[in-house]
Amino acid sequence: MKENWRLTKNQDILHTRARMIYAIRDFFVKKNYLEVETPSMITAPIPEPHIDAISCGDLFLHTSPELCMKRLLAAGYPKIFQICKCFRAGERGAFHLPEFTMLEWYYRGMDYRMLMKECENLIISVAHNLGYGDAIHYQGNTLSLQKPWETISVRDAFACYAPMQMDEAVNEDLFDEMMVCHIEPHLGLEQPTFIYDYPVSGATLAKAKEEEPGIAERFELYMGGIEIANACSELTDMQEHHVRIEKVQKYRYSMNKPMYPISECFLRDIADMPEAAGIALGVDRLAMIFSNASVIDDVVAFTPELG
Amino acid sequence: MYSASDLKKGLSIKIDNEPYVVTEFNFVKPGKGQALYRSKLRNMITGAQFERTFRSVDTFEPADLREKKMQYLYKEEKKYCFMDNETYEQVFLTEEQVGEAKNFIIDNLEVEILFFEDRPLGVTLPNFVDLVVVEAEPWAKGDSVSGKTKPVILQTGYQIQVPPFVEEGEKIRVDTRSGEYLTRIKG
Chain A
1 MKENWRLTKN QDILHTRARM IYAIRDFFVK KNYLEVETPS MITAPIPEPH
51 IDAISCGDLF LHTSPELCMK RLLAAGYPKI FQICKCFRAG ERGAFHLPEF
101 TMLEWYYRGM DYRMLMKECE NLIISVAHNL GYGDAIHYQG NTLSLQKPWE
151 TISVRDAFAC YAPMQMDEAV NEDLFDEMMV CHIEPHLGLE QPTFIYDYPV
201 SGATLAKAKE EEPGIAERFE LYMGGIEIAN ACSELTDMQE HHVRIEKVQK
251 YRYSMNKPMY PISECFLRDI ADMPEAAGIA LGVDRLAMIF SNASVIDDVV
301 AFTPELG
Chain B
1001 MYSASDLKKG LSIKIDNEPY VVTEFNFVKP GKGQALYRSK LRNMITGAQF
1051 ERTFRSVDTF EPADLREKKM QYLYKEEKKY CFMDNETYEQ VFLTEEQVGE
1101 AKNFIIDNLE VEILFFEDRP LGVTLPNFVD LVVVEAEPWA KGDSVSGKTK
1151 PVILQTGYQI QVPPFVEEGE KIRVDTRSGE YLTRIKG
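Taken in sequence, the protein lines are chains A and B. Under our numbering, the first residue of the first sequence is numbered 1, with each subsequent residue one higher. Under our numbering, the first residue of the second sequence is numbered 1001, with each subsequent residue one higher.
Hints are not guaranteed to be accurate.
[Claimed, not checked] For lysine-lysine, the following DSBU-like pairs were computed, each having C-alpha atoms within a straight-line distance of at most 30 Å:
hint, chain 1, residue 1, chain 2, residue 2
1, B, Lys1009, A, Lys9
2, A, Lys250, A, Lys117
3, B, Lys1040, B, Lys1014
4, B, Lys1102, B, Lys1009
5, B, Lys1040, A, Lys257
6, B, Lys1102, B, Lys1186
7, A, Lys31, A, Lys117
8, B, Lys1148, B, Lys1069
9, B, Lys1008, A, Lys9
10, B, Lys1150, A, Lys257
11, A, Lys85, B, Lys1008
12, B, Lys1040, B, Lys1075
13, B, Lys1079, B, Lys1102
14, A, Lys79, A, Lys9
15, B, Lys1008, B, Lys1079
16, A, Lys209, A, Lys147
17, B, Lys1102, A, Lys257
18, A, Lys257, B, Lys1009
19, A, Lys209, A, Lys250
20, B, Lys1008, B, Lys1078
21, B, Lys1102, B, Lys1075
[Claimed, not checked] Partner residues aside, some chain B positions facing chain A, computed with beta carbon under 8 Å:
hint, residue
22, Val1028
23, Gln1034
24, Pro1163
Since the hints were derived computationally from the structure, they do not count as laboratory data. No residue lacks a Cβ here, since even glycine has one placed at the ideal position from N, Cα and C.
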């Protein structure tokens, strides 16, 4: 039998990836989370300024399971998780696949600070399950998993690493460039890093801080300079949901981006949204960290180019 | 017209009226942020390299590059002169622009000159060029063990490894892409 090396060359990594996913499930099941499945085909994708959906007949492939999972949360499910494929148009790079695997979980009654702890616990538990000690080697860096992990506010990260302050970057419309070129490369090199308190403009469905309404209770987890997860205290205010979504719609329209319908079911159900925190974690990227892979291509059996 | 997402390694584009070639290209997207395209570019005129980060709304003109058949005439004061045999138009390239091609270029050779608009940027030689060996150790008979080579000097001053039976005054064919000996030319 002739070996097809393109499909077999990453076998070891695919084993690590599979074991990692068992370990993730194991963590959540032991903590009494309910594993849910929500539709991949939905009538209305999440309104985000910079995420484009792939249409599928009259429907869209979901860009994340956020809306359906929040409806479950609002309906009374207290702790839910899901591991599923998500789809985003035009995203392909060393850390991006247009079809990728997301882990998303929600916890009623938590805020984003508590969620950081849960996130630490998950990744340490998975690392131990995979046979790692208290450190991971990734691309020349040794990341200590010893708690507590590094935390830095976005404002402080700008002050430390960027040539301009956060507010200036927001006003000058250079926030993303500063993040990518000056800040991200420093994050999560010696231990995983939580970078938190983002400008509310980039966090559509995150709750704003009471004492500082321009800042959202949102964090990202970085390991080895790579963004692994995005989380927030969830917005619960019905009125604010309408305001935020309308703002995104206006932005997308002004940028000539595809327009999506607004999910009326979501807006109806969200009236009962409890205080909660939620997080989306890139499973492929976490697999990159645990298998010391430099590109996302190495942690999937098929890249889009392989068909 | 290209958009940022069309960029890829090797593509040439025009920025501020100068031609650039993309030497590195990465799609990045910070959490919830917009897609950015981190690129390294080389100015095809000055050779200067630099990094630029583009947004998906950025657009580029293709660089107006074309190749034209010309004949190499002579070198004078560190400049190489080429002529269009139909129009008799002459252009000059610097030593830097000619680069490695200097090892194989001989008078009257027909070559391709790369132009950006009216500006000559470089030269592409034919894949194979025949050159005269001007200096070689004589062939010591019995020294014909296969795989052995000796260094000789070509008419361009280029030193090349050839089989031991190649003698001074002979013509050999060279692959200009690899700079390697191919065969002896009889007559």
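Now for the hints, and whether the structure bears them out:
no., hint, verdict
1, B:Lys1009 / A:Lys9, "holds, 25 Å"
2, A:Lys250 / A:Lys117, "violated, 36 Å"
3, B:Lys1040 / B:Lys1014, "holds, 14 Å"
4, B:Lys1102 / B:Lys1009, "holds, 27 Å"
5, B:Lys1040 / A:Lys257, "holds, 27 Å"
6, B:Lys1102 / B:Lys1186, "holds, 24 Å"
7, A:Lys31 / A:Lys117, "holds, 14 Å"
8, B:Lys1148 / B:Lys1069, "violated, 38 Å"
9, B:Lys1008 / A:Lys9, "holds, 26 Å"
10, B:Lys1150 / A:Lys257, "violated, 65 Å"
11, A:Lys85 / B:Lys1008, "holds, 28 Å"
12, B:Lys1040 / B:Lys1075, "violated, 34 Å"
13, B:Lys1079 / B:Lys1102, "holds, 11 Å"
14, A:Lys79 / A:Lys9, "violated, 38 Å"
15, B:Lys1008 / B:Lys1079, "violated, 33 Å"
16, A:Lys209 / A:Lys147, "holds, 26 Å"
17, B:Lys1102 / A:Lys257, "violated, 52 Å"
18, A:Lys257 / B:Lys1009, "holds, 27 Å"
19, A:Lys209 / A:Lys250, "holds, 24 Å"
20, B:Lys1008 / B:Lys1078, "violated, 35 Å"
21, B:Lys1102 / B:Lys1075, "holds, 10 Å"
22, Val1028, "holds, 5 Å"
23, Gln1034, "holds, 4 Å"
24, Pro1163, "violated, 37 Å"
In this structure, the earlier hints numbered 2, 8, 10, 12, 14, 15, 17, 20, 24 are contradicted, and the remaining ones agree with it.
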